[in-house]
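Chain residues, written in single-letter form:
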Amino acid sequence: MAEKSLMKGNEALAEAAIRAGCKCFFGYPITPQTEISAYLSKRMPKVGGVFLQAESEVAAINMVYGCAGSGIRCMTSSSSPGISLKTEGISYIAGSDLPCVIIDVQRGGPGLGGIQPSQADYWQITHALGHGDFHAIVFAPASVQEMVDTVTKAFDLADEYRMPAVILADGLLGQMMEPVAFEDTEIKMSDASKKPWAACGHGNKRKHNIINSLYLKPDELEDNVRARFKRYEDVKAKHTEAVSDYCEDADTVVVAYGSTARLAKSAVEAARKEGLKVGIVRPITLWPYPAKEIAEACKNAKNVLCVEMSMGQMVDDVKLAINCSKPVEFYGRTGGVIPKPAEILEKLREMGGKN
Amino acid sequence: MPEFKRPHALADVTTHYCPGCTHGIVHRLVAEVIDEMGIEGDTIGVCPVGCSVMAYDYFECDMLEASHGRAPAVATGIKRANPDKFVFTYQGDGDLAAIGTAEIVHAATRGENITVIFINNTTYGMTGGQMAPTTLPGQVTQTTPYGRNPDVEGYPVRVCEMLSTLSGVALAERVTVIDPKNINIAKKAIRKGFEFQKNKQGFSIIEVLSTCPTNWGKTPIEALDRVRTEMIPYYPLGVFKEGAIR
Amino acid sequence: MAKMKVDFDRCKGCGLCTTACPKKIVALQTEKLNKKGYYTAVCTDDDACIACALCAMMCPDCAITVGGDDNG
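Protein chains in written order, with our numbering: chain A, 67 to 421; chain B, 38 to 283; chain C, 8 to 79.
No lab work stands behind these hints, which were simulated from the structure alone. Computed from a prediction, not measured in an experiment: that's the story for all the values here. There's no promise every hint is true.
To be verified - In silico BS3-like links for lysine-lysine, alpha-carbon gap of 27 Å or less:
hint, chain 1, residue 1, chain 2, residue 2
1, B, K229, C, K42
2, B, K237, A, K271
3, C, K43, B, K218
4, B, K218, A, K271
5, A, K273, B, K42
6, C, K30, B, K225
7, A, K304, A, K219
8, B, K255, C, K42
9, B, K235, A, K112
10, B, K255, C, K39
11, A, K273, B, K235
12, A, K70, A, K271
13, B, K255, A, K271
14, C, K30, B, K218
15, A, K358, A, K343
16, C, K42, A, K283
17, C, K43, A, K283
18, B, K42, C, K39
19, A, K392, A, K406
20, B, K218, C, K31
21, B, K237, A, K108
22, C, K31, B, K235
23, B, K225, C, K39
24, C, K39, B, K218
25, B, K225, A, K112
26, C, K31, B, K42
27, B, K255, C, K31
Given these sequences and hints, build the entire structure.
See below:
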């Protein structure tokens with residue numbers, strides 16, 4: 067195991083991206099993700115990569131489109147309002163089957179909202195990342211180490227399936243410091259050599275490549291979208307991830323992701339000490355959504371509690387995961403307010419008391 | 038005997054452009070320059086949204102289709118990752134001078150080492166002839182049925198003049214393709230743009246005053262006359278800035 | 008000997024070539040429509056053609072070739 071060092075979540079993620087071969091980063095300043103840009107602006111020139119501060123979020127995601135289209139690993143990062151601006155470009159990236167990694171360090175919304183941690187982008191990232199039929203792979207890390215591990219995975223899966231991948235973090239994960247280790251110690255920048263589809267100049271050796279999402283004939287567009295959704299099935303089958311703890315005998319199962327899952331786990335452990343039979347299941351991928359894993363974790367439960375830093379967005383997917391077979395309650399704080407383990411514990415006592 | 042043939046970089050297909058639309062001439066000039074410089078294998082083009090949205094089918098070099106107005110950002114992404122390749126965008130006036138204003142201004146001011154071919158025909162052709170940022174005062178379009186009134190719709194944007202104030206610009210030149218003499222000048226300007234790029238000298242934009250006979254409600258030949266009598270007086274031809282920035 | 012050659016089905020009958028000919032011998036014929044439904048450009052006097060290629064330069068559709076081996 068590599069040596070551990072103490073790093074801020076945003077900076078660890080940025081370093082992990084470089085080690086995953088991310089050659090180009092295009093970003094725009096927004097709190098609370100700015101450390102990613104700041105870190106990469108220092109590091110990229112030293113490792114032969116490219117850091118460019120774009121004129122807008124819109125420009126940044128379109129730079130990613132061009133760079134990814136030429137076959138080079140690249141990334142952009144932003145926070146909630148900036149992600150809204152990027153959605154047009156993300157839709158084109160998905161429609162053109164381009165791989166890239168997008169970071170969303172969520173803050174409170176809607177509108178300008180606030181700059182404190184939030185999970186209110188769940189719907190946007192998992193259900194409405196742009197116009198049209200498409201998905202992105204979405205990872206929800208819950209620690210600084212997982213920020214590092216998921217970004218590496220995100221680059222690999224994005225390339226393998228030629229689709230965008232998102233790291234859905236929040237201000238809490240981005241700003242906190244924890245010990246991390248990097249598996250990849252050697253930095254090797256990506257090139258287009260393994261991407262025969264890339265528009266990087268045909269060198270008079272092949273017919274021209276076209277990166278495009280325009281299909282004026284409905285049948286062709288339908289075939290194109292169906293082929294993409296067939297690939298999605300493969301992603302679902304192989305790359306859905308969740309972890310569960312204490313669920314086997316649990317009367318109440320908590321479902322939470324990201325930093326909220328850490329808080330919820332503290333509450334679950336406290337509840338166990340009080341003798342309440344509670345467990346927790348944490349999705350690591352939000353798309354594909356670990357519906358089976360959640361159903362499995364909840365199979366012996368009498369009720370389910372979904373905890374989020376929002377007014378309740380993932381809770382609908384939890385209900386679908388268990389086919390509404392048992393009551394699903396919700397506890398959440400929003401606007402940048404972080405739910406305290408004690409609040410979650412109180413909710414668990416209340417739910418335990420009912421049964 | 039002199040010979041005149043289709044350049045290799047121009048695909049051997051029938052375009053979807055209306056009869057008399059000068060897009061075809063400009064496409065050919067770009068392809069001729071690519072052929073003459075022997076750079077087809079090292080060139081990557083970026084198409085806009087607008088009438089030339091399907092230009093990716095008309096050039097034999099690698100091509101990307103950008104979203105509306107974002108071609109300069111897309112080109113930036115390609116060029117930064119592949120600094121030794123030739124990258125050009127091909128954009129219309131709605132794409133470049135309305136929805137894509139931020140992208141073109143910032144690509145220009147960064148001195149992004151790309152070549153921009155800018156087609157100014159004073160209207161949105163693809164959507165059926167609405168007011169463009171370059172629509173002339175008084176010009177009737179679908180969305181200015183009483184003529185563009187500067188009190189209401191403001192004034193047209195003179196793109197080359199505006200961009201020539203930026204330090205990152207190596208070449209800003211306005212040309213037209215309404216007769217063989219001007220076609221020769223236009224081709225030289227496009228060649229210059231690609232040469233600047235080859236020498237890593239910065240951003241170049243070649244604005245081409247073009248026609249839209251269909252949406253102007255004119256015959257192709259009348260449309261050439263309109264460029265001469267109405268457009269050139271408002272958009273004077275010539276070099277607005279030329280010189281290496283690096 | 009014909010020097011200007013028009014690709015009959017590529018021509019869209021726009022007539023831009025007719026404005027460029029210094030000999031004024033390029034015109035649109037009015038007898039036969041091509042598959043797209045256009046009356047196409049023709050050289051009305053092959054002997055007078057000086058193969059200057061200005062008509063081809065004006066053609067937006069690369070439908071005109073001048074000179075070369077395939078010109079009979």
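| task | Provide an ascending list of the numbers of those earlier hints which the structure does not satisfy. | result | Numbers 1, 3, 4, 12, 13, 22, 23, 24, 25 - these are the hints that the structure violates, sorted from lowest upward.
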